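K.L.:
Given the sequences, and given the hints that come with them, work out the whole structure.
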Amino acid sequence: MSQAKKHLTLSLSYLGISWTLLFWLHFTTEPNIFAHLVAIPSLLIFTGYSAYQIIKKGA
Numbered sequence: 014m015s016q017a018k019k020h021l022t023l024s025l026s027y028l029g030i031s032w033t034l035l036f037w038l039h040f041t042t043e044p045n046i047f048a049h050l051v052a053i054p055s056l057l058i059f060t061g062y063s064a065y066q067i068i069k070k071g072a
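Numbering of the sequence shown is given in our numbering, commencing with residue 14 and proceeding in unit increments.
Don't read these hints as lab results, they were simulated from the structure. Since this is a predicted model, take the numbers as computed values, not measurements. There could be a bad hint or two in this list.
Said to hold, decoys possible - The calculated label-pair distances, taken between Cβ atoms and stated as ranges, are:
#	residue 1	residue 2	range
1	S55	K19	16 to 22 Å
2	N45	G71	34 to 40 Å
3	F40	S15	36 to 42 Å
Unchecked claim - With a cut-off of at most 25 Å between alpha-carbon atoms, the simulated DSS-like pairs for lysine-lysine come out as follows:
#	residue 1	residue 2
4	K18	K69
5	K18	K70
6	K19	K69
7	K19	K70
All C-beta atoms, glycine included, are put in the ideal place defined by N, C-alpha and C.
P.N.:
And the structure:
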């Protein structure tokens, strides 16, 4: 497996696990305006950016 494919696999695995846990957190926490409109969406954005950085490093 090439280095780029390894980074892509790692990135997608990281993204899948992170977003699954964040969606679980979103639906299991008590309704809170800050958590649902600020914290969880920003964590989704940051994990997406981290996954992008992993792919970029491998390319």
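K.L.:
With reference to the structure, classify each hint as holding or not holding.
P.N.:
Evaluation of the provided hints:
1. S55 - K19: 16 to 22 Å: 28 Å, violated
2. N45 - G71: 34 to 40 Å: 37 Å, holds
3. F40 - S15: 36 to 42 Å: Holds - the Cβ-Cβ distance for F40 and S15, about 38 Å, lies within 36 to 42 Å.
4. K18 - K69: 11 Å, holds
5. K18 - K70: 11 Å, holds
6. K19 - K69: 12 Å, holds
7. K19 - K70: 11 Å, holds
Hint 1 from the earlier list is the only one contradicted by this structure; the remaining hints agree with it.
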